[in-house]
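Q: Chain by chain, the residues:
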Amino acid sequence: MLLKTSGLTKQFGELTAVDGVDLELKEGESMSIIGPNGAGKSTTVNLITGLLNPTDGTVEYRGEEITGKEPHEIVQKGLSKSFQTASIFPDLTVERNAVVASLGAEHGSFSLNFFKRLAGYDEVAGRARQTLEDMGLYEQRDIKAKSLPYGDKRRLEMALALAGDPDLLFLDEPTAGMSPDETDDTVDLIQRIKEERGVTIVLIEHDMEIIFRVSDRIAVLNRGAKIADGTPDEIRGDPGVQEAYLGGVEI
Amino acid sequence: MSEQTETATSPENTDTAGLLGRWDELRERESFSILGAIVFVIGFPMVFTNLPLFNGYMSLVELIYVWSIFAIGFDLLLGYTGLLSFGHAVFWGGSAYAAGLFSANFYGEPLLMVLVATVTASVLALVIGLLSLRRGGIYFAILTLAFGQMMYFLALGPLGGITGGEDGFTGVAVEPLLGALSLEREFAGILGTLLHDISYVLFAGFFVLTVAVAVRIVRSPYGAIFQAIAENEQRVRFLGLNVWRYKLTAFVLSGAFAGVAGGLHTIHAQYVAVGSLYWITSGDIVIITVLGGIGSIFGPVAGSIAFLYVENIISGEIAFWLLVLGSLFVSVVWLFPAGIWGIVTGIRSTVRERLLGDDS
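As you go down the protein sequences, you meet chains P and W in turn.
In terms of numbering that gives the first Met the number 0, the first sequence opens at residue 0 and continues consecutively.
In terms of numbering that gives the first Met the number 0, the second sequence opens at residue 0 and continues consecutively.
For reference, chain P alone in the conformation it holds in the complex (with noise of 0.2 Å):
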């Protein structure tokens, strides 16, 4: 098992904005975790992957337990995040962005190295440059992350995220605000990191024509509790799910 949680709990004061959710990934699988606004799905990740200390529960990754880890602690071990909004850093280049990412894997977490020169690491700079490629920023990596277009302001939050290659990653709507052009690309391009480079994948999302298309399983939330877990074909033929998610509308 790669993650597991169990009885995953946050209140804020009365709030119950996660209640008790269980959530078992394989790796290699993909996930989708769904449900209406205000479900408790971005909170869900936040307690995953450290940004949000749990009020009850225990989160596992390959058996170890992770809970109330600092993210930089969680990340290290293999679990990223990419952000609902580009989390990027606007006034560096595009490829220093990439270099940043690319020290905190090869790195570690601390380095004493302030007395060394950063353009003696070629191994930093190689894979800053991968990095890169990988996403087709390269061309763009001398200008400013804050020039980018949109779309590939998305594409280098990914790239972040990506960098230190983690076994398992957390993308929160990565298709958010984009055109029908760019999410077709971004949908493409979750494919391929599947493929390619074998990262179990968790996808937060809206859109149910993405989650079809890239998810093996899907876990449903309302309000704070699942209350669906299956394959694409098993939810959309919940009525529960169909009543909470969608009004009781036919998929």
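I should point out that these hints are in silico values taken from the structure, not numbers from a laboratory.
Each residue gets a CB set at the ideal place from its N, CA and C atoms; glycine is no exception.
Be aware that a few hints might be false.
Not the full set, but computed from the structure, chain P residues with beta-carbon under 8 Å of chain W [unchecked claim]:
#1 P70
#2 K80
#3 F88
#4 P89
#5 L91
#6 V98
#7 L102
#8 G103
#9 A104
#10 H106
#11 S108
#12 S110
#13 F113
#14 F114
#15 L117
#16 G163
Listed below are the simulated SDA-like cross-link pairs for lysine to any residue, each with C-alpha atoms no more than 20 Å apart in a straight line [as the list claims (entries may be wrong)]:
#17 K68(P) - E232(W)
#18 K68(P) - Q233(W)
#19 K115(P) - R215(W)
#20 K115(P) - V207(W)
#21 K76(P) - Q233(W)
#22 K143(P) - S348(W)
Starting from the known structure of chain P, arrange chain W on it as the hints suggest.
A: Below, chain W alone, put in the same frame as chain P:
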């Protein structure tokens, strides 16, 4: 005809572009900044003390180097890492007292004094950093301010027996450099013209060393990580980097630079004023760094020159020099948010566009 003009002008353009490219390559080198600092310490006193407009004097030149070292270290924190400390007087004043006390009770060799000062400031920065870096933004600024004021009142009251309280510490006893070279010893001939005396070599030497060390830090992995933290701290955390430790290192490094400067200031003034720990000193270093231009090595130097010039020379001419300083600060920050150094780099890029003949 049009083809002819094209072939006639293009080689010239590529020549300029080629030269500019080579110039950029040179400028990118670390040794370029260090060489720049060396040329500066040789040329600056001549301009500053001889030209009638400036009315500078050697002692002020040395003081400018001391504050420049302080400001370069402060900019590592403010400009590069994006952390505003409002209590840097602790490291400046604390290290100044440490150097003074060491000279009075043990041995006043200048290099040892600076070493003691640097170690003291680094330890102080480690402790205060551990206590205040857990909070971000304005809370961090206020916590550092609070620690600074605590130290000030400690030095003023409870520790008055050691620090001299309100009178400051007057027992500074500076010995010759390396036990042999008196700081007042002047050089003869060409060396005398260029480097003046041992004292100048000491201060200018530490200035050049500071530039060299700071340039190296900025070009190390830390430089990239510091800038990334300043831009998007959460992202850095999700790249697997321990932001907290990098911030603490930035804070300690910055404190260490302040320590070098504090120790040198004791040697320069032969006295430690209790005001060196006061919050106004913390404010001065913020003003100097922002005035000069944050996020660069030479901006803080430009800021030190402007600030000390107004404080020491203009103040002799105009009674309300603080008003002059305030107006200077407001107009520079208002018109050129990148500070004095931003004006310099702005002119540089205009010139290069002209040279490349960017008509389009």
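Q: Next step is simple, just say for each hint if it's right about the structure.
A: Do the hints match the structure? See the list:
1. P70: Holds - the Cβ of P70(P) comes within 8 Å of chain W, reaching about 5 Å at its closest.
2. K80: holds (6 Å)
3. F88: OK, holds: F88(P) within 8 Å of chain W, min 4 Å.
4. P89: holds (6 Å)
5. L91: holds (6 Å)
6. V98: This hint holds: V98(P) lies near chain W, its Cβ roughly 6 Å from the closest one there, short of 8 Å.
7. L102: Since the shortest Cβ distance to chain W is 5 Å, the answer is holds.
8. G103: holds (4 Å)
9. A104: With a minimum Cβ separation of about 7 Å from chain W (threshold 8 Å), the hint on A104(P) holds.
10. H106: holds (7 Å)
11. S108: OK, holds: S108(P) within 8 Å of chain W, min 4 Å.
12. S110: Since chain W brings a Cβ to about 7 Å from S110(P), closer than 8 Å, the hint holds.
13. F113: Check passed: Cβ of F113(P) comes within 4 Å of chain W, closer than 8 Å.
14. F114: Holds, because the Cβ-Cβ distance from F114(P) to chain W comes to roughly 6 Å (cut-off 8 Å).
15. L117: Holds, about 5 Å.
16. G163: For G163(P), the interface hint holds, since the closest Cβ of chain W sits about 6 Å away, which is under 8 Å.
17. K68(P) - E232(W): Status holds; Cα separation ~17 Å.
18. K68(P) - Q233(W): holds (15 Å)
19. K115(P) - R215(W): Since the Cα atoms of K115(P) and R215(W) sit roughly 7 Å apart, the hinted pair holds (cutoff 20 Å).
20. K115(P) - V207(W): Distance of about 19 Å is within 20 Å: holds.
21. K76(P) - Q233(W): Holds. K76(P) to Q233(W) sits at ~18 Å (cutoff 20 Å).
22. K143(P) - S348(W): At roughly 17 Å apart (the allowed maximum being 20 Å), S348(W) and K143(P) satisfy the hint.
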